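> Line order of the protein sequences matches chains L and P. Under this note's numbering, think of the first position of the first sequence as 1, with each following residue one higher. Under this note's numbering, think of the first position of the second sequence as 1001, with each following residue one higher.
Calculated directly from the structure, the hints in this document are not laboratory data. One or more of the hints may lead you astray.
With a Cα cut of at most 25 Å, we get these calculated DSS-like pairs of lysine-lysine [what the hints assert, rightly or not]:
#	chain 1	residue 1	chain 2	residue 2
1	P	LYS1089	L	LYS316
2	P	LYS1003	L	LYS9
3	L	LYS9	L	LYS52
4	P	LYS1089	L	LYS246
5	L	LYS264	P	LYS1070
6	L	LYS317	P	LYS1089
7	P	LYS1026	L	LYS231
8	P	LYS1089	L	LYS231
9	L	LYS44	L	LYS213
10	L	LYS355	L	LYS397
11	L	LYS245	P	LYS1089
12	L	LYS9	P	LYS1070
13	L	LYS245	P	LYS1070
14	L	LYS316	L	LYS231
15	L	LYS264	P	LYS1056
Now the in silico label distances, taken between C-beta atoms and shown as ranges [what the hints assert, rightly or not]:
#	chain 1	residue 1	chain 2	residue 2	range
16	P	VAL1014	L	ASP179	54 to 60 Å
17	P	ASN1066	L	LEU2	23 to 29 Å
18	L	GLU103	P	ASN1063	28 to 34 Å
19	L	PHE237	P	PRO1057	47 to 53 Å
Nothing here was measured: the structure is a model prediction, and the numbers come from that model. Beta carbons are placed, not taken as given, at the ideal position from N, Cα and C, and that holds for glycine.
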Amino acid sequence: MLISVDEIKQTIHMIQSEHLDIRTVTMGISLIDCIRGDFNATKKAVYDKICKVAERLVPECEAIEREFGIPIVNKRISITPAALICGGAGPSQCAELAVTLEESAKTVGVNFIGGYSALVHKGFTEADRALIESIPEALAATTRVCSSVNVATTKAGINMNAVREMGLLIKKAAELTKDSGGSACARLVVFANAPEDNPFMAGAFHGIGEPEKVINVGVSGPGVVKCAIEKVRGEDFTVLAETIKKTAFKITRMGQLVAIEASKRLGTEFGIVDLSLAPTPAVGDSVARIIEEMGISNCGGPGTTAALALLNDAVKKGGIMASSHVGGLSGAFIPVSEDEGMIAAVRSGSLSLEKLEAMTCVCSVGLDMIAVPGDTDASAISAIIADEIAIGVVNNKTTAVRIIPVPGMAEGDTVTFGGLLGEAPVMSVRKADSSLFIDRGGRIPAPIHSLRN
Amino acid sequence: MNKAVITIIGADRVGIIAAVSTYLAKVNINILDINQTIMEEIFTMVTMVDINEATKPFDEIYNDLNELGKELGVVIQIQRTEIFRSMHKI
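Looking at chain P on its own, in the form it has when it is part of the complex (with noise of 0.2 Å):
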């Protein structure tokens, strides 16, 4: 399965996990898992998402994310999971 994770940082206002998510779908994009806390009123979202069967190539989505963005105030990153297991898993 092709994972990616997607992070979602910035300041905490109305909808933005439904902005999210509503794109994710539109891509089928698959959420796996979400983990989503506010810390001194930062918005902070850690998402796995299954990019297997999505209908754009990954730097169409890159860039949609990072658009989207933009319109809801806050940063959003797609990384592949390689990154985060390789540094942390032996």
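Bound-form chain L, shown alone (with noise of 0.2 Å):
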């Protein structure tokens, strides 16, 4: 046998007692040729364009599911930027769209389209301006459309009108959706540098240098990684290292295997492995998990940042030469709800938000699934979009700010949203005014990068 027992037996055990899966496959399709004179013509485009690309999506990813016996738990779409289709039609045609994309989704039997996008880093068009004021009603209305605004790049600096704008919409969002829990926010992201070919929701789209069609493949893998490290206990830091990019190396092979035989299948280019680790909200699944088993009593406790740095580069570095092309976010994902040990260090007093912010300079990817009371002013979420912002532009990586307001909760409260979306304790926020700070406007500029300290 070429394949020894032992390795086919530790691939069967990863798969069944660590949950390693394929967390997504999600297929990027142009909508660019969509365009029509009149706007429910190009509804209708927009359906049909969907509908049959995508048609084999969902049916293929499951013969690969059972012929590999690997779970993959996600099929997903992103689409070009919506409003680079939406020219000429108001926010609430733009807010038609979304209930096309949604439909359509609905069709190919997907559980999330994402690209309700606008990317306005250096200033908005009248498109963007009619698509973003749509955002809350089309996230109201819809449940599976998964929104995006990228307000900063490291070369064109961070839009504050955005950022404001923003604030004021995650609001009007959460109130749209109190029912809920303002699960409308768990399905808005706020981008810096946002990648063109990022297969993870929220923040997927299909950007704009990306071809007619594409597969992206985000693998998953914490609970694979906890249990590698669980053997290498007292051993010293290179080991430490050693041990999860050898582990890395394994879970992205899995990535590429599926992301080469999907792109064959549905006849669409490969376009990129994305390396995050993605928890999910079951016991075993966790990152914060694995930071803990380095030997942190509770995750956001000091020392934190540094072994999530030291998690995320070697991540990276086993990853890499396992996949072809290698894209997305690439990095450690510390979403609040969506994993069980964040919850609990929340729970138990060791995470706050600023800890979380600092651990975003080392890792991907932001501020991500964070419930905050539902009395935050606008101007406070702005200006904590502001701060996770300014860590992407100025360090040149991309971050992200997912929060919710949870409408008529208090620190202590907690949200559920259910499924992949878990649920969140709500946390605190420092009690100042940044209104001042926000109100004044305008575009603070690109950073400088030399001279760099």
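Fit chain to chain and form the complex, with the hints in mind.
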């Protein structure tokens, strides 16, 4: 037998007992050729194209799951940022497009469709304004549509007008979906340096530099990494990093295999494998628990940022050789509501908003799935966004904010979104008034890239 | 050659190998290699097979083996070998 029995057993053990899975196969589809003179005709063209191009996505992925015995948790679609195909449409028409996207997602059987998006890092077009204004209504009217707005890049600086606007819109989106804990905000991401090929929701969109259609794959595997490093307790950091690298290599090889197979069967170009360690709310699938396994009693305690830096770097080093093309976000995710260990850390008082912000300096993707009190001011939300976006802009990396001001809830309450979105303890926001800062508007200039200190 | 790995894990009893190999012969699947152990009364069998000449499509074989596993009180899984090769071989 060319493959040893032990290797076969190891792979099966990873899948059955350590939550190894393919987190998402995401098909990126360009909708540029759907633009028509009449907006109703555009909507029809969008629906028809998505249904035609992605028709086989779910059945082919299910066949791969069966044949290889590896679960593919999500099958998803990302589209051209919708603002680019909404020229001339008003906000209510844009929201109609969101409903069209929802219908197409239902028809092809995907649980999320991403790309109800605008890229406004330098400024707004009229279409951007209309689309952004429509985001709260669009998300409230749908359950599968995901939205993102890129408000900054390292080269352009930060569009603080957009940051201010997003604070207001996030409040509005939460209010419109107050019956479900402000769940619309779980499908809304504010980005700095948004990647064009990210397969993960809610921030996925099909960037303008991408081909007609493409397959991007996101792997998972926090549980596998944790189990691997349990075996090297007490060993030094070299051994720890090597162990994570080897594990990340194996995890990523799964992603590469599935990506190649899916793109072949769907007649679609293979884009990238995203190396992110993506947790789920399931016990044994947590990034926080990896950090704790490294020797920090509670995630968020002193040492957490260093531990996360080591983890993130080792995952990339291990993964990079395992795939022919790596991209997307490629870093450890630290969403609060989607990570059982993070939830426990917040409840125990060891993990605060500020510590999470510090952690995002060394990993992707930012302040993710953070629930804050419902009475948090829009200006405070904008200021939290500005802080996080500044980290991305200055450090030349992607950062993002997905924050939910839960209507009617206060610090210590718990909001439940269910499924992969999990549940989140409402975290405290420092009491200070940042409204004069946010009200200034305009743009924060792009940072200097010499004299780096 | 189209190869797959069949793994059987569960409580040991008489006739597991017989039942599985009888089924494989029926659908014209050739056994290339068998490794079988009993660890702490748990029966574990790993089999490499050639599915090139199989008379049924993969999905049906997958379902049949699932059913057979239920009858025998074990878990039977069939997976194409690429998953193991890609994870463990460069």
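> Hints first: check each against the structure and report whether it holds.
Each hint, compared with the structure:
Of the pairs offered as hints, the one joining LYS1089 of chain P and LYS316 of chain L holds, with about 19 Å between alpha carbons and a cut-off of 25 Å not exceeded. For the proposed pair LYS1003 of chain P and LYS9 of chain L, the alpha carbon gap of about 17 Å is at most 25 Å, so the pair holds. Under the criterion of a C-alpha separation no larger than 25 Å, the hint pairing LYS9 of chain L with LYS52 of chain L is inconsistent with the structure, at around 40 Å. For the hint pairing LYS1089 of chain P with LYS246 of chain L, the CA-to-CA distance comes to about 12 Å; that is within 25 Å, so the pair holds.
Straight-line distance between C-alpha atoms of LYS264 of chain L and LYS1070 of chain P comes to about 34 Å, which puts the hinted pair past the 25 Å bound. Of the pairs offered as hints, the one joining LYS317 of chain L and LYS1089 of chain P holds, with about 18 Å between alpha carbons and a cut-off of 25 Å not exceeded. Annotation: proposed proximity of LYS1026 of chain P to LYS231 of chain L is violated, straight-line Cα distance about 44 Å (limit 25 Å). At most 25 Å may separate the alpha-carbon atoms for a hinted pair to count; LYS1089 of chain P and LYS231 of chain L meet this at roughly 22 Å.
Taking the CA atoms of LYS44 of chain L and LYS213 of chain L, the gap is about 19 Å. The hint holds against a cut of 25 Å. Restraint check for LYS355 of chain L and LYS397 of chain L: the C-alpha separation of about 18 Å stays at or below 25 Å, so the hint holds. Restraint check for LYS245 of chain L and LYS1089 of chain P: satisfied, since their Cα atoms lie roughly 16 Å apart, inside the 25 Å limit. For the proposed pair LYS9 of chain L and LYS1070 of chain P, the alpha carbon gap of about 21 Å is at most 25 Å, so the pair holds.
Our distance criterion of 25 Å between C-alpha atoms is broken by LYS245 of chain L and LYS1070 of chain P, whose separation comes to about 38 Å. Proximity of LYS316 of chain L to LYS231 of chain L is assessed by CA-CA distance (about 21 Å); at most 25 Å being required, the pair is judged to hold. Between LYS264 of chain L and LYS1056 of chain P the alpha-carbon distance is near 23 Å, which keeps this suggested pair within the 25 Å criterion. A beta carbon spacing of about 58 Å between VAL1014 of chain P and ASP179 of chain L agrees with the range 54 to 60 Å that was offered as a hint.
Look at ASN1066 of chain P against LEU2 of chain L: about 26 Å separates their beta carbons, and that is inside 23 to 29 Å. For GLU103 of chain L and ASN1063 of chain P, the hinted distance range of 28 to 34 Å is satisfied, since their beta carbons lie about 32 Å from each other. At about 50 Å, the beta-carbon gap between PHE237 of chain L and PRO1057 of chain P stays in the expected band of 47 to 53 Å.
The structure fails to meet hints 3, 5, 7 and 13 from the earlier list, while all remaining hints are met.
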